[in-house]
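Student: Keeping the supplied structure of chain A fixed, place chain B upon it in accordance with the hints.
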Amino acid sequence: MYRYDEFDHAFVNERVAEFSDQVARRLSGELTEDQFKPLRLMNGVYLQLHAYMLRIAIPYGTLSSRQMRRLAHIARTYDRDYGHFTTRQNLQFNWIRLADMPAILKELAEVEMHAIQTSGNCIRNVTADHFAGAAADEVGDPRPYAEILRQWSSIHPEFTYLPRKFKLAVTGAPNDRAAIQVHDIGLELKRNAKGEIGFAVFVGGGQGRTPMVAKRIRDFLPEADLLTYCEAILRVYNLDGRRDNKYKARIKILVHEMGEDEMRQAVEREFAAIGRTALTLPAEEIARIQSYFAPPVLATLPAHSDVLDKAKAADPELARFLRRNLHAHRTPGYGILTVSLKPTGLPPGDATSAQMDVIADIAERYSADEIRVSHEQNLVLPWVCLDDIPAVYAALKRAGLATPNAGLVTDIIACPGLDYCALANARSIPVAQRISERFAALDRQEEIGELKLKISGCINACGHHHVGHIGILGVDRKGEEFYQITLGGSGDETTSIGEIVGRGFSSDEVVDAVETVVETYLKIRTSPAEKFLDAYRRVGEAPFREALYADA
Amino acid sequence: MALFRHGVRVADDWTFPAEGEAFPDSGPVALPRARLIAEWTALEARNAPLGVVIASGEKLDGLEAILPRLSLVKLVIPRYADGRLYSIARLLRDRYSFAGEIRASGDVLRDQVALLVRAGVDTFDVAHEGTARAIETGGIVAVTHHYQPASNDAAEAHAAPGARPWLRRTPVPFPLA
Numbered sequence: 000m001y002r003y004d005e006f007d008h009a010f011v012n013e014r015v016a017e018f019s020d021q022v023a024r025r026l027s028g029e030l031t032e033d034q035f036k037p038l039r040l041m042n043g044v045y046l047q048l049h050a051y052m053l054r055i056a057i058p059y060g061t062l063s064s065r066q067m068r069r070l071a072h073i074a075r076t077y078d079r080d081y082g083h084f085t086t087r088q089n090l091q092f093n094w095i096r097l098a099d100m101p102a103i104l105k106e107l108a109e110v111e112m113h114a115i116q117t118s119g120n121c122i123r124n125v126t127a128d129h130f131a132g133a134a135a136d137e138v139g140d141p142r143p144y145a146e147i148l149r150q151w152s153s154i155h156p157e158f159t160y161l162p163r164k165f166k167l168a169v170t171g172a173p174n175d176r177a178a179i180q181v182h183d184i185g186l187e188l189k190r191n192a193k194g195e196i197g198f199a200v201f202v203g204g205g206q207g208r209t210p211m212v213a214k215r216i217r218d219f220l221p222e223a224d225l226l227t228y229c230e231a232i233l234r235v236y237n238l239d240g241r242r243d244n245k246y247k248a249r250i251k252i253l254v255h256e257m258g259e260d261e262m263r264q265a266v267e268r269e270f271a272a273i274g275r276t277a278l279t280l281p282a283e284e285i286a287r288i289q290s291y292f293a294p295p296v297l298a299t300l301p302a303h304s305d306v307l308d309k310a311k312a313a314d315p316e317l318a319r320f321l322r323r324n325l326h327a328h329r330t331p332g333y334g335i336l337t338v339s340l341k342p343t344g345l346p347p348g349d350a351t352s353a354q355m356d357v358i359a360d361i362a363e364r365y366s367a368d369e370i371r372v373s374h375e376q377n378l379v380l381p382w383v384c385l386d387d388i389p390a391v392y393a394a395l396k397r398a399g400l401a402t403p404n405a406g407l408v409t410d411i412i413a414c415p416g417l418d419y420c421a422l423a424n425a426r427s428i429p430v431a432q433r434i435s436e437r438f439a440a441l442d443r444q445e446e447i448g449e450l451k452l453k454i455s456g457c458i459n460a461c462g463h464h465h466v467g468h469i470g471i472l473g474v475d476r477k478g479e480e481f482y483q484i485t486l487g488g489s490g491d492e493t494t495s496i497g498e499i500v501g502r503g504f505s506s507d508e509v510v511d512a513v514e515t516v517v518e519t520y521l522k523i524r525t526s527p528a529e530k531f532l533d534a535y536r537r538v539g540e541a542p543f544r545e546a547l548y549a550d551a
Numbered sequence: 000m001a002l003f004r005h006g007v008r009v010a011d012d013w014t015f016p017a018e019g020e021a022f023p024d025s026g027p028v029a030l031p032r033a034r035l036i037a038e039w040t041a042l043e044a045r046n047a048p049l050g051v052v053i054a055s056g057e058k059l060d061g062l063e064a065i066l067p068r069l070s071l072v073k074l075v076i077p078r079y080a081d082g083r084l085y086s087i088a089r090l091l092r093d094r095y096s097f098a099g100e101i102r103a104s105g106d107v108l109r110d111q112v113a114l115l116v117r118a119g120v121d122t123f124d125v126a127h128e129g130t131a132r133a134i135e136t137g138g139i140v141a142v143t144h145h146y147q148p149a150s151n152d153a154a155e156a157h158a159a160p161g162a163r164p165w166l167r168r169t170p171v172p173f174p175l176a
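Going line by line, the protein sequences match chains A and B. Take the first sequence: its position 523, counted from the start at 1, is 522 in numbering that gives the first Met the number 0, and no numbers get skipped. Take the second sequence: its position 169, counted from the start at 1, is 168 in numbering that gives the first Met the number 0, and no numbers get skipped.
Calculated directly from the structure, the hints in this document are not laboratory data.
Computed Cβ-Cβ distance ranges for the label pairs, DEER-style:
id : chain 1 : residue 1 : chain 2 : residue 2 : range
1  : B       : S70       : A       : E195      : 45 to 51 Å
2  : B       : A64       : A       : E195      : 36 to 42 Å
3  : A       : N191      : B       : R168      : 34 to 40 Å
Since the model is a prediction, treat every value here as computed from it, not as a measurement. Where is the CB? At the ideal position from N, CA and C, for every residue including glycine.
If we strip away everything but chain B, and leave its shape as in the complex, we get:
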């Protein structure tokens, strides 16, 4: 897996304790949704960033109160055709005003990177070698004219007032969030 934050390859500073494994006392830690909710009181006492791992098919219920305290939401993508995380990412940004890192992790093809960015994802943890290479070398070929507002609205240009208020443009070359 290769991790890209805003298009730059970086080392992962987060710890993802396995099931049954204790979380460390310091440093950023992300836990599966159910465990995060169950152990929230103990986690909250730590003076370090917290995150949640959302498995494919999971939703955000039960996290509403916690989200403002989180710095990372990792969305797991077992198969790239599973499009649920696009809606989860959009809800995080638009409904819950989540400002932390949204990480798409797993089976991401380069053809999806631009869509994920528009849905609010800003970090990619990709298994596919070709995708990693494309992100690294600026090889993402994507459409930059859009017919609908999405969740990275602040980063996109809007059409002149008066004409089709739903149009958006991404700057060229394609910025990875």
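Extracted from the complex, chain A is given alone in its bound form:
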């Protein structure tokens, strides 16, 4: 993991002092709420429906046990004993008092954490593959580059007042688990024909009210040019991005209006004009940052674990858990485990302080002291020895954290929705809870197979419904909550935007509608091996529409 040096500590402490001063000016009335708003947003403080919300940055979703325990402590001391993991791999506390912010930020700074740029029209927390460094299919670990980008983008003097927010994601594997094509900048780590490391660069993807798949504007960018190229993209966007309408202000609209070729030329021109500067990354400096992310010392083991095999044979529940929540590791004898934060009937992504402490303990003992947050709102233990899995599973189970549903229909992404959010048109969490209850039977979930269901409570699409295999969008229809269903979206390397199948459903109808879609899929699939998305891409929306609207 990255460790702060003196410089990094000083930076964060200064930022805490600066923000504490801003909070004091607000509390004293020197700043009006209007003046305070952009300042607090730059530090992740929102004013929600009921209270202030604080969003804490978890860079590229990587946490140590010590950091997780500190989050648990903050939840216990300053909030209502739980936190909410988000689709940007961050953590939100929903019930924070403004006066407590400086104290909380101090507590975070002690464990090398902050809330810088988790909101506002600036460069947001850089996300990465949650299996980074451990995945079997990886070209390279994306996190060192994400860390370099995090540093460069922190209080960047030129890019703090952008037309709109700006999100970067980095994947190190051809199987994209970081949804890079729905980001403002998406970076795919790759090797060229000479074996050199660099990036394919995607620009202008995004969700919200105008979903767009990003355009590949560079097939291979040498790693040394990472910051210079991003600076060029940001400069073009800062100067030419629209500022007349906040709904047209993201870079995706600029790319769309300029056209892909003109955007590419504008960026390449700016890139060439900047030339070599202190932003050009020396190879030895990349190597130095990479050394922070060196894999932990792991034992040399056979690929197969007899201990695990025996335990699996004796415990069908463990076997079921492993079928969904264990993922291939690059190191023989090890596995990556998903800790589902989607138990039946509870809000997706929430964890209690007690659960956070349990995960911290498990990670310390069994996962090289490291935890990941996935953009799918789960946690990940990336370095688990297969022999240890029975013990890890037992500990997770005791804490209500062993739900065997990773990638299944109840592994739902949902935004906070109208229960918390001032922007929402409809509630998301209760719909997620009811779907989770409807599909609670585990055999049935496994029978359905991989199915990504995502729910947003408004068109801002924080619940990523556009890239859900099944997406649900909450809308307000004459004061009543309605839900539109989209089908066929995907956020992986085959990114596509889901299509609306027809008129929306009331809150009472929407769970039945989802079930109808699922049952239709089960009928039309060629075999259990044909996943929902593949079946949808084969047959299109017609059979689903017929099933949904047959009576209409």
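Tutor: Frame of chain A, contents of chain B only:
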């Protein structure tokens, strides 16, 4: 409006003729970009400093040849959330090696002063009373550790060779350019 040059409150020695108003024969004069370009021949003949006023959303095109002859670029900020001028200032310093005064004029909050200085601004013409007071009394609280080079690079300390060449430090207390 209160004018601060390098942190010191000063009287404005520049004239900004209104639209249609003739420019004076002597003394520093700054004109909007289009007019400056259109009347360049007549202006050039004056033996006094010249400047340009860049409105929000305007760029530097057409000024490339003229910039070396200018002593002032005034960047107008109608709303502080409009961040375009940060890029304009950086281009002036880094791309065109502009060494004259870059003035940020309009809606500037004290929380932005440090960012603007890093982007190359050295003079502030501020409407906000609190900002003026903060500049005057040294009340600018700002982060002095930076993770990226910017346009006032000569004024900032660099990290020791070998370690993170993108790091910079501003001296404390925060100097206003």
